[in-house]
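Number of protein chains: 2
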Amino acid sequence: MDIGNLQTPCLLLDRGRLESNIETMADKFKGLGVALRPHLKTPKSVDVARRLQAHGAERFTVSTLKEAEYFAGAGFGDLLYALSIVPDKLARVAALNRAGSDVAVCLDTVDGANAAAGTVVEGAPVRVFLEVDVDRHRTGLRPDEPRLLEIAKIVDGAAHLELAGVFAHAGESYHAGTIDEIREQARNEQALTRQTAEVLRQNGFDCPNVSVGSTPTATFGEGFDGITEARPGVYVFQDLFQANLGVCTVDDIAVSVLATVVTHHPATNKLVIDAGGLALSKDQMTGSQDNDCGYGLLTDADGSVLANLHVAGVSQEHGYVTTRDGSSLDTAAFPVGRKLRILPNHACMTAAAHEVYHVIENGAVTDTWGRVNGW
Amino acid sequence: MDIGNLQTPCLLLDRGRLESNIETMADKFKGLGVALRPHLKTPKSVDVARRLQAHGAERFTVSTLKEAEYFAGAGFGDLLYALSIVPDKLARVAALNRAGSDVAVCLDTVDGANAAAGTVVEGAPVRVFLEVDVDRHRTGLRPDEPRLLEIAKIVDGAAHLELAGVFAHAGESYHAGTIDEIREQARNEQALTRQTAEVLRQNGFDCPNVSVGSTPTATFGEGFDGITEARPGVYVFQDLFQANLGVCTVDDIAVSVLATVVTHHPATNKLVIDAGGLALSKDQMTGSQDNDCGYGLLTDADGSVLANLHVAGVSQEHGYVTTRDGSSLDTAAFPVGRKLRILPNHACMTAAAHEVYHVIENGAVTDTWGRVNGW
Numbered sequence: 002m003d004i005g006n007l008q009t010p011c012l013l014l015d016r017g018r019l020e021s022n023i024e025t026m027a028d029k030f031k032g033l034g035v036a037l038r039p040h041l042k043t044p045k046s047v048d049v050a051r052r053l054q055a056h057g058a059e060r061f062t063v064s065t066l067k068e069a070e071y072f073a074g075a076g077f078g079d080l081l082y083a084l085s086i087v088p089d090k091l092a093r094v095a096a097l098n099r100a101g102s103d104v105a106v107c108l109d110t111v112d113g114a115n116a117a118a119g120t121v122v123e124g125a126p127v128r129v130f131l132e133v134d135v136d137r138h139r140t141g142l143r144p145d146e147p148r149l150l151e152i153a154k155i156v157d158g159a160a161h162l163e164l165a166g167v168f169a170h171a172g173e174s175y176h177a178g179t180i181d182e183i184r185e186q187a188r189n190e191q192a193l194t195r196q197t198a199e200v201l202r203q204n205g206f207d208c209p210n211v212s213v214g215s216t217p218t219a220t221f222g223e224g225f226d227g228i229t230e231a232r233p234g235v236y237v238f239q240d241l242f243q244a245n246l247g248v249c250t251v252d253d254i255a256v257s258v259l260a261t262v263v264t265h266h267p268a269t270n271k272l273v274i275d276a277g278g279l280a281l282s283k284d285q286m287t288g289s290q291d292n293d294c295g296y297g298l299l300t301d302a303d304g305s306v307l308a309n310l311h312v313a314g315v316s317q318e319h320g321y322v323t324t325r326d327g328s329s330l331d332t333a334a335f336p337v338g339r340k341l342r343i344l345p346n347h348a349c350m351t352a353a354a355h356e357v358y359h360v361i362e363n364g365a366v367t368d369t370w371g372r373v374n375g376w
Numbered sequence: 002m003d004i005g006n007l008q009t010p011c012l013l014l015d016r017g018r019l020e021s022n023i024e025t026m027a028d029k030f031k032g033l034g035v036a037l038r039p040h041l042k043t044p045k046s047v048d049v050a051r052r053l054q055a056h057g058a059e060r061f062t063v064s065t066l067k068e069a070e071y072f073a074g075a076g077f078g079d080l081l082y083a084l085s086i087v088p089d090k091l092a093r094v095a096a097l098n099r100a101g102s103d104v105a106v107c108l109d110t111v112d113g114a115n116a117a118a119g120t121v122v123e124g125a126p127v128r129v130f131l132e133v134d135v136d137r138h139r140t141g142l143r144p145d146e147p148r149l150l151e152i153a154k155i156v157d158g159a160a161h162l163e164l165a166g167v168f169a170h171a172g173e174s175y176h177a178g179t180i181d182e183i184r185e186q187a188r189n190e191q192a193l194t195r196q197t198a199e200v201l202r203q204n205g206f207d208c209p210n211v212s213v214g215s216t217p218t219a220t221f222g223e224g225f226d227g228i229t230e231a232r233p234g235v236y237v238f239q240d241l242f243q244a245n246l247g248v249c250t251v252d253d254i255a256v257s258v259l260a261t262v263v264t265h266h267p268a269t270n271k272l273v274i275d276a277g278g279l280a281l282s283k284d285q286m287t288g289s290q291d292n293d294c295g296y297g298l299l300t301d302a303d304g305s306v307l308a309n310l311h312v313a314g315v316s317q318e319h320g321y322v323t324t325r326d327g328s329s330l331d332t333a334a335f336p337v338g339r340k341l342r343i344l345p346n347h348a349c350m351t352a353a354a355h356e357v358y359h360v361i362e363n364g365a366v367t368d369t370w371g372r373v374n375g376w
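Sequence lines, in order, name chains A and B. Position one of the first sequence corresponds to residue 2 (the numbering used here), numbered consecutively onward. Position one of the second sequence corresponds to residue 2 (the numbering used here), numbered consecutively onward.
Derived by calculation from the structure, the hints in this document are not laboratory data. Some hints could be false.
Repeated chains share a single entry, so a pair holds when one copy, or any two copies, can fit it.
Dumping the calculated SDA-like pairs for lysine to any residue here, alpha-carbon to alpha-carbon at most 25 Å [to be verified]:
#1 K340 / R93
#2 K29 / R99
#3 K340 / P88
#4 K67 / P144
#5 K67 / H359
#6 K67 / G34
#7 K67 / T369
#8 K67 / T367
#9 K67 / E182
The task is simple: from the sequences and hints, build the whole structure.
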């Protein structure tokens, strides 16, 4: 089918770019002898997970229990649910595991560990990863915190829990100014995660898994000695934020939103498309970077970049497109009805606004892939 | 059911507040003798539309064709699709109308009018509203623009289209500093919309509908002489942005996101909840107001406001809660597992992240109402 026959706004997925992004990362970690546990919060799609599997991935990360249930139902059993577990969610995890999956959970507080230990669940012990705070970015424990061993002891003492390892997410790599800085953050992420595993082992705890995360540190990180797995996610699609970081180029971005020019507003030098805050998301994360892309950059329907255009503003269903340099817009070149594509600032957020991917290969729509949203 | 039994994050809808918001607006416009055409882009729910209907609404506004199809399928036939129409969408509208609905469309460019006139559709003529630009905010035509009559002539000349009136949306009222300013914008919105209708009539065109919009101008607007309908939307739920504008109070906000405390991060004085950028949306529209609410303000599970807390940051599934005044957070008061609610900056965006409303009355969950997302 021709792209022009799709109702807009809708989400396109360039199959060739997806395959290439998956392959590049898979090859790197095969070469290192380190497992990949791709984070499925970005694609949330069984079809994409199958492509990752085809390139060797056997374990995955998820961000919601709905993802866990969806992927487990499709046969992807080795999952890490990477948000600190709370009692009622532990019950949902245990139900999945009794049905044959091996969903691991994570913890990083004494309070949470006591709550999990106090919530006895039936079935095989649920594996627990302790989260390491490598950069004061978000959550987790430092290797030298007394809480670390306290939590390990609580987990170790609960018959329905099993200490499975440690994991970190170098979120601060999203604020790196240079690739050298990302490399430094990757070194730090690996070192602190390894150190946390060592502290546990020195104190008599098992720590088979030593897991690190983030697309920037997975892309530029070196060594990975003592690391057992890496959990990048957004690399499968890439986006403008990653391109600005230097992790990819704009031509690697595999997802885009197809939109239609619905009107012009000459008084404000804008053309208006039918992809607004809901179809693009209101994520403006490139606003913190040198190359602020507004709510996204434009390409033609065939994917060729329209370098001087960006989505400067959005309402719920309107996107306001204007020139990046302030020059006068040639509205005659963008008649009402013309199809355009928007490259996302943040692929995870934009993809989550849509129910399906329209898979494109060589300019034609060849398939429709599902995804799971919600909780 | 007790709220504590819901899986989080999820969307709560306070039935009492909803009814009160609906009733207040309905009573105002009944008193004025002006029809309400509530904008359903906010609730996107047949159940909410039925409550509006119970308070007298007989016509509605929608922002997507999926909404049009969903509401038409539930018997809500008189709809205005308020995004400039393009040919392939006109075909979808005509299909709905052949099945018994009366979905009207809108236009504001010569280009779009020619495209619509050139797309002959079967069935009764599709009603067309011309959009009026009252404040250079977004889209539309000024009453003195020669394009106005040119477009009216194109529509009038197409047998499958019927000129049905004019409509405006005073979007700039969202940037008003005072209620007097909103009143002034309402006067301007009414005056320019009426003037546009007059220009059409003086030139021999029918203009039965003269429609104005926006919750702020509908709330504070006076007079409404010569106006046939008003199209506010967000008033059914209200939100922090509207409260900051003075349109409502925080206690009128009918929707909130129920979340669970999943961990603490003492090093950065944060507690972390399981509602992040996806469950709350990344809308930061209160950031342009004096009272910046971050990604939302907190209440207890019972709805009582926790005045010194806000969601200061989000990742995809993490929300980072801290104090508004920078004081030290008493994490012991918010143990892991505790339920909290987040009042949204922008109800339309937050609600769109969810598939259903958990309706609450007197603190208990009494119903589940559906909504339609996507396109």
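Verification of the hints:
no., hint, verdict
1, K340 / R93, "between (43 Å within a copy, 18 Å between copies)"
2, K29 / R99, "neither (35 Å within a copy, 57 Å between copies)"
3, K340 / P88, "between (48 Å within a copy, 12 Å between copies)"
4, K67 / P144, "neither (31 Å within a copy, 51 Å between copies)"
5, K67 / H359, "both (22 Å within a copy, 18 Å between copies)"
6, K67 / G34, "neither (31 Å within a copy, 48 Å between copies)"
7, K67 / T369, "both (21 Å within a copy, 19 Å between copies)"
8, K67 / T367, "between (27 Å within a copy, 23 Å between copies)"
9, K67 / E182, "neither (35 Å within a copy, 46 Å between copies)"
When held up to the earlier numbered hints, the structure conflicts with 2, 4, 6 and 9 and fits the remainder.
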